[in-house]
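K.L.:
So the protein sequences, as listed, match chains A and B. In terms of our numbering, the first sequence opens at residue 1 and continues consecutively. In terms of our numbering, the second sequence opens at residue 392 and continues consecutively.
Check before you lean on any hint, since a few could be wrong.
Within a straight-line C-alpha distance of at most 16 Å, the following computed EDC-like cross-link-like pairs (lysine to aspartate or glutamate) qualify [stated by the list, open to error]: (1) LYS348(A) to GLU74(A); (2) LYS285(A) to GLU74(A); (3) LYS307(A) to GLU411(B); (4) LYS33(A) to ASP546(B); (5) LYS307(A) to GLU421(B); (6) LYS307(A) to GLU374(A); (7) LYS451(B) to GLU411(B); (8) LYS307(A) to GLU378(A); (9) LYS451(B) to GLU500(B).
For each label pair, taking beta carbons as the anchor points, the in silico distance ranges come out as [as the list claims (entries may be wrong)]: (10) GLU53(A) to LEU488(B): 30 to 38 Å; (11) PRO73(A) to MET489(B): 42 to 50 Å; (12) MET65(A) to GLY469(B): 29 to 37 Å; (13) LEU399(B) to GLY226(A): 26 to 34 Å; (14) LYS484(B) to MET269(A): 50 to 58 Å; (15) SER130(A) to PHE528(B): 53 to 61 Å; (16) MET269(A) to LEU402(B): 43 to 51 Å; (17) ASP85(A) to LYS514(B): 56 to 64 Å.
Which residues of chain B face chain A? A few of them, derived with a C-beta cut under 7 Å, are [said to hold, decoys possible]: (18) THR415; (19) ARG548; (20) VAL550.
Quick caveat, the hints were computed from the structure, so don't treat them as lab data. Just so it is clear, the structure is predicted and the values come from calculations on it, not from any experiment. Note that CB positions come from ideal geometry on N, CA and C, so glycine has one too.
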Amino acid sequence: MTTGKWAERLNPTVRDIKPSGIRRFFDMASEMKGVISLGVGEPDFVTPWRIRESSIYALEKGYTMYTANSGLPELRQEISRFTADSYSLTYDPNHEVLVTVGVSEALDLALRAVVAPGDEVIVPEPCYVSYQPCVALAGGTPVSVPTRGEDGFVVTAAQIEAAITPRTKALLLCYPNNPTGAIMPRAELESIAELCASRDILVISDEIYAALTYEGEHTCFAGLPGMRDRTILLQGFSKAFAMTGWRVGYALGNADFIGAMTKIHQFTMLCAPITAQMAAIEALKNAREDMHRMVNQYNYRRRLVLKACREIGLPCFNPGGAFYVFPDIRPTGLTSEEFTERLIREEKVAVVPGNSFGDCGEGYIRCSYAASVENLTEAFKRIGRLVQRTP
Amino acid sequence: MDRQLEVLELLAENARLMIEQLATMLNMSEEEARRLIGQLEESHIIFGYRTLINWDKVGKERVTALIEVKVTPQRDVGFQAVAERIGRFPEVKTLHLMSGAYDLAVFIEGRTMQEVAFFVATKLAPIDGVTSTTTHFVLQTFKEEGILLEDGDGDHRLVMSP
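With the hints as extra help, turn the sequences into a complete structure.
P.N.:
Here is the structure:
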């Protein structure tokens, strides 16, 4: 919350947004030397060279201008092809694909396109930190649906149904999930799809971690029966191709939704940066093998850290996707923030307290395994020492 | 064979992985991992574990040369006998039979250029069947075994992000 001299002149919605719970720990960890960070929400790989090289080439060739609002035609083609290959879903590159500045922008556009003042958006928690603020900024009201570690942080159709009111406009899903790493069983997604159809609820499905699925195949929500036109599907390059800093993502949906989002996008953003779009084309055309190599590495590390959690006495459900484990630290008797603070100060390991992602994340910490095997091994040794010192 | 391949790929990337880590990463028991590695070593599919060192940084005098060797192949054995003869010298670090303008690519290491030249003149060139040698000295190494020798840039990521 902003409280300075001019605070009362601010838009109250903006003024009342709580600052990120991560900030304090970020400052703490930044001031120390020798910290091993498992608190990073991005790949530890650098973007594959072929992608970087193609972007350099594009610069040399003088590709430095605006693109079409909805993105380079070739990129939209490739996105359409990639989606067809991955999920047997077809989107018309001319009217149903929008290239955005990361999924973050796509999410904001989707919310602004569909949410009217007073509309409610159901948000299962724990969830990415921007969901609630973005719903509020779009003029809507976020409605939290807490999920439980005991259930593997899966949200059920029954839980969602219980949160529906006459003002419910949309459901915001994110699986594989940040921060928990949870994936959804297909059957549960099917029940949710039926519910959304019968109660006429739109779905915004943030599937930025889709490529990072280790247990079975990723289920694309838009691919479920009857869901294609009801769903705005958000995906991007950041996690699958290690391209976080390029800021390029995309939205797929029916022409009405994508058209509305494009309208906002053209007045606020104009287009995604051309160098990033050129890189994204190369990623989809020629870097899928690089992607598989990175996904394999994450899976190896996932198994290592799960075992490490067990060995140091922190219960942790088996996360089927993303690159996070979300161990239960309640056996230590500490809160998420106490644990995180002591871990940084006493053992120099940075993690993110679970309550940063919603109240039901209290009692958990998010550890990213997008880190080297050496660092992961050392970090869990240190976490184990802290656990030993707690009741 | 799939499991063997997975073990090989992980060890090719990092030979220092402990059995316990490797087994966990591949979702197999330690016994199975130990057994697989044993088999791979016995069958010489894994024929050694080495450390990659950037000797330029050690400051020790050391030169590497690529010698292109032309050979007259022999009846029945082809290049085999000559290759074996050459390969037994400890100075020879790597030895390939090549397609193209010459036959054997011989990588030699020595302390000085003179030492390498002397080896070529007195040991390599006089071997029966060797018809010519061309020596190329390595001036600088940029990449070896798939790893760039430049100093790592480190981790540029923010220490914490959502």
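K.L.:
Against each hint, give a clear statement of whether it holds in the structure.
P.N.:
So, going through the hints one by one against the coordinates:
{"no.": "1", "hint": "LYS348(A) to GLU74(A)", "in the structure": "violated, 46 Å"}
{"no.": "2", "hint": "LYS285(A) to GLU74(A)", "in the structure": "holds, 10 Å"}
{"no.": "3", "hint": "LYS307(A) to GLU411(B)", "in the structure": "holds, 11 Å"}
{"no.": "4", "hint": "LYS33(A) to ASP546(B)", "in the structure": "holds, 14 Å"}
{"no.": "5", "hint": "LYS307(A) to GLU421(B)", "in the structure": "holds, 13 Å"}
{"no.": "6", "hint": "LYS307(A) to GLU374(A)", "in the structure": "holds, 15 Å"}
{"no.": "7", "hint": "LYS451(B) to GLU411(B)", "in the structure": "violated, 37 Å"}
{"no.": "8", "hint": "LYS307(A) to GLU378(A)", "in the structure": "holds, 14 Å"}
{"no.": "9", "hint": "LYS451(B) to GLU500(B)", "in the structure": "holds, 13 Å"}
{"no.": "10", "hint": "GLU53(A) to LEU488(B): 30 to 38 Å", "in the structure": "holds, 33 Å"}
{"no.": "11", "hint": "PRO73(A) to MET489(B): 42 to 50 Å", "in the structure": "holds, 46 Å"}
{"no.": "12", "hint": "MET65(A) to GLY469(B): 29 to 37 Å", "in the structure": "violated, 60 Å"}
{"no.": "13", "hint": "LEU399(B) to GLY226(A): 26 to 34 Å", "in the structure": "violated, 46 Å"}
{"no.": "14", "hint": "LYS484(B) to MET269(A): 50 to 58 Å", "in the structure": "holds, 56 Å"}
{"no.": "15", "hint": "SER130(A) to PHE528(B): 53 to 61 Å", "in the structure": "holds, 58 Å"}
{"no.": "16", "hint": "MET269(A) to LEU402(B): 43 to 51 Å", "in the structure": "holds, 47 Å"}
{"no.": "17", "hint": "ASP85(A) to LYS514(B): 56 to 64 Å", "in the structure": "holds, 57 Å"}
{"no.": "18", "hint": "THR415", "in the structure": "holds, 5 Å"}
{"no.": "19", "hint": "ARG548", "in the structure": "holds, 5 Å"}
{"no.": "20", "hint": "VAL550", "in the structure": "holds, 5 Å"}
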